[in-house]
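**Q** The chain contents come next:
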Amino acid sequence: SQTIHQWPATLVQPVGSPLSLECTVEGTSNPNLYWYRQAAGRGLQLLFYSVGIGQISSEVPQNLSASRPQDRQFILSSKKLLLSDSGFYLCAWSISEQYFGPGTRLTVT
Amino acid sequence: AQSVTQLGSHVSVSEGALVLLRCNYSSSVPPYLFWYVQYPNQGLQLLLKYTTGATLVKGINGFEAEFKKSETSFHLTKPSAHMSDAAEYFCAVKAGGTSYGKLTFGQGTILTVHP
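If you read the protein sequences in the order shown, they are chains A and B.
Numbering-wise (the working numbering), the first sequence opens with residue 1 and increments by one.
Numbering-wise (the working numbering), the second sequence opens with residue 1 and increments by one.
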């Protein structure tokens with residue numbers, strides 16, 4: 001069966017610090033991968049998606065970036081965090097429907 | 001372009017009562033429709049999906065939804081609410097063509113169940 005992992009589960013970072021969130025998928029090959037952000041009261045916002053290694057599409061302009069160095073690994077990064085980057089970050093994979101990871105709660109202070 | 005509107009950001013029911021969460025969509029192509037549930041500080045879990053075929057779809061935890069093309073709706077129902085159903089529910093539509101499986105989500109409906 002397929003599983004999706006995200007880490008860390010929670011993170012508190014100061015403004016201006018770098019960020020790296022990791023997502024890995026097991027039990028499937030060549031999935032589409034997605035990063036979402038969920039801010040309080042604002043639903044889910046698609047940040048990036050990837051259809052293959054090294055292929056990243058950005059949905060919204062921001063100070064975040066994503067990379068897919070391996071087929072089942074998806075990384076969300078930032079060089080300098082902003083207060084507005086706080087939120088709940090979700091990774092998802094799909095072949096047909098999307099399946100979500102457990103999420104990372106990021107608080108920027 | 002696709003869009004999803006969930007009517008009611010908060011719904012409150014008594015335990016044992018009918019649950020009805022409303023979802024209307026807009027899509028330029030035949031839609032694939034989904035309902036997800038999210039418990040606090042957790043990821044989203046797929047409840048059910050409609051792709052093609054039977055318009056009444058059954059999901060996990062006793063939930064079901066009916067696709068009504070004429071009404072562009074995909075409302076979620078459960079005959080009898082349980083305390084464990086308290087969560088946030090998201091309706092989503094999948095774009096066709098070269099959408100790479102991207103989903104468009106509604107804003108979510110928080111379901112509260114009173115004893």
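In short, the hints are calculated from the structure, not lab data.
Any given hint could be a false lead.
[As the list claims (entries may be wrong)] Listed below are the simulated DMTMM-like cross-link pairs for lysine to aspartate or glutamate, each with C-alpha atoms no more than 20 Å apart in a straight line:
1) K49(B) - E97(A)
2) K58(B) - E59(A)
3) K69(B) - E88(B)
[To be verified] Listing some non-contacts, in silico: residues in chain A with all C-beta distances to chain B over 10 Å:
4) W7
5) V15
6) S29
7) N30
8) V51
9) V60
10) Q62
11) S67
12) P69
13) S77
14) D85
15) S96
16) E97
17) R105
[Said to hold, decoys possible] Derived, one-sided and incomplete: chain A residues facing chain B with beta-carbon distance under 8 Å:
18) T28
19) A40
20) L44
21) Y49
22) G52
23) I53
24) I56
25) S86
26) S94
27) Y99
28) F100
29) P102
30) G103
Glycine residues also receive a C-beta, built at the ideal position from the N, C-alpha and C atoms.
**Q** Determine for every hint whether it applies to the structure shown.
**A** To see whether the hints hold, each was checked on the structure:
1. Proposed proximity of K49(B) and E97(A) is supported: the alpha carbons are some 8 Å apart, at most 20 Å.
2. Between the alpha carbons of K58(B) and E59(A) the distance comes to roughly 32 Å, so the proposed pair goes past 20 Å and is violated.
3. Of the pairs offered as hints, the one joining K69(B) and E88(B) is violated, with about 25 Å between alpha carbons and a cut-off of 20 Å exceeded.
4. Annotated as non-interface, W7(A) keeps its C-beta farther than 10 Å from every C-beta of chain B; the closest such distance is 13 Å.
5. Annotated as non-interface, V15(A) keeps its C-beta farther than 10 Å from every C-beta of chain B; the closest such distance is 23 Å.
6. Residue-level check passed: S29(A) sits 15 Å from the nearest beta carbon of chain B, beyond 10 Å.
7. With a closest Cβ-Cβ approach of about 12 Å to chain B, N30(A) is found to remain outside the 10 Å limit, as its non-interface label requires.
8. Listed as a non-interface residue, V51(A) fails to keep its Cβ farther than 10 Å from every Cβ of chain B; the least gap is roughly 5 Å.
9. Against the 10 Å criterion, V60(A) stays outside the reach of chain B, whose nearest CB is about 13 Å from its own CB.
10. Distance check for Q62(A) against chain B: the nearest CB is about 17 Å away, which clears 10 Å, and the non-interface claim stands.
11. No Cβ of chain B comes within 10 Å of the Cβ of S67(A); the nearest lies about 17 Å off, and the non-interface call holds.
12. For P69(A), the condition that its CB be more than 10 Å from all CB atoms of chain B holds, with the nearest at approximately 19 Å.
13. No Cβ of chain B comes within 10 Å of the Cβ of S77(A); the nearest lies about 20 Å off, and the non-interface call holds.
14. In this structure D85(A) is separated from chain B by more than 10 Å, as the shortest Cβ-Cβ distance comes to about 18 Å.
15. Distance check for S96(A) against chain B: the nearest CB is about 7 Å away, which does not clear 10 Å, and the non-interface claim fails.
16. E97(A), annotated as away from the interface, has a beta carbon of chain B within 10 Å; the closest lies near 6 Å.
17. The non-interface label for R105(A) is inconsistent with chain B: the shortest C-beta to C-beta separation is roughly 7 Å, within 10 Å.
18. The beta carbon of T28(A) comes no nearer than 13 Å to any beta carbon in chain B, farther than 8 Å, and the hint placing it at the interface is violated.
19. Restraint check, A40(A) versus chain B: the minimum CB separation of about 11 Å is more than 8 Å; hint violated.
20. Hint on L44(A) holds. Least Cβ distance to chain B is approximately 5 Å, under the 8 Å limit.
21. Because the smallest distance between the Cβ of Y49(A) and any Cβ of chain B comes to about 6 Å, under 8 Å, the interface hint for this residue holds.
22. With a least beta-carbon distance of about 10 Å to chain B, the hint placing G52(A) at the interface is violated under the 8 Å criterion.
23. Given the 8 Å rule on beta carbons, the hint for I53(A) is violated: about 15 Å separates it from the nearest Cβ of chain B.
24. The beta carbon of I56(A) comes no nearer than 12 Å to any beta carbon in chain B, farther than 8 Å, and the hint placing it at the interface is violated.
25. Because the beta carbon of S86(A) sits about 14 Å from the nearest beta carbon in chain B, more than 8 Å, this interface hint is broken.
26. Interface hint status for S94(A): upheld, as the beta-carbon distance to the closest one in chain B is roughly 5 Å, under 8 Å.
27. Interface hint status for Y99(A): upheld, as the beta-carbon distance to the closest one in chain B is roughly 7 Å, under 8 Å.
28. At about 4 Å, the closest approach between the beta carbon of F100(A) and any beta carbon in chain B falls short of 8 Å, and the interface hint on this residue holds.
29. About 5 Å separates the beta-carbon of P102(A) from the nearest beta-carbon of chain B, less than 8 Å, and the hint is met.
30. This hint holds: G103(A) has a C-beta 5 Å from the nearest C-beta of chain B, less than the 8 Å allowed.
Checked against the numbered hints given earlier, this structure breaks hints 2, 3, 8, 15, 16, 17, 18, 19, 22, 23, 24 and 25; the rest are met.
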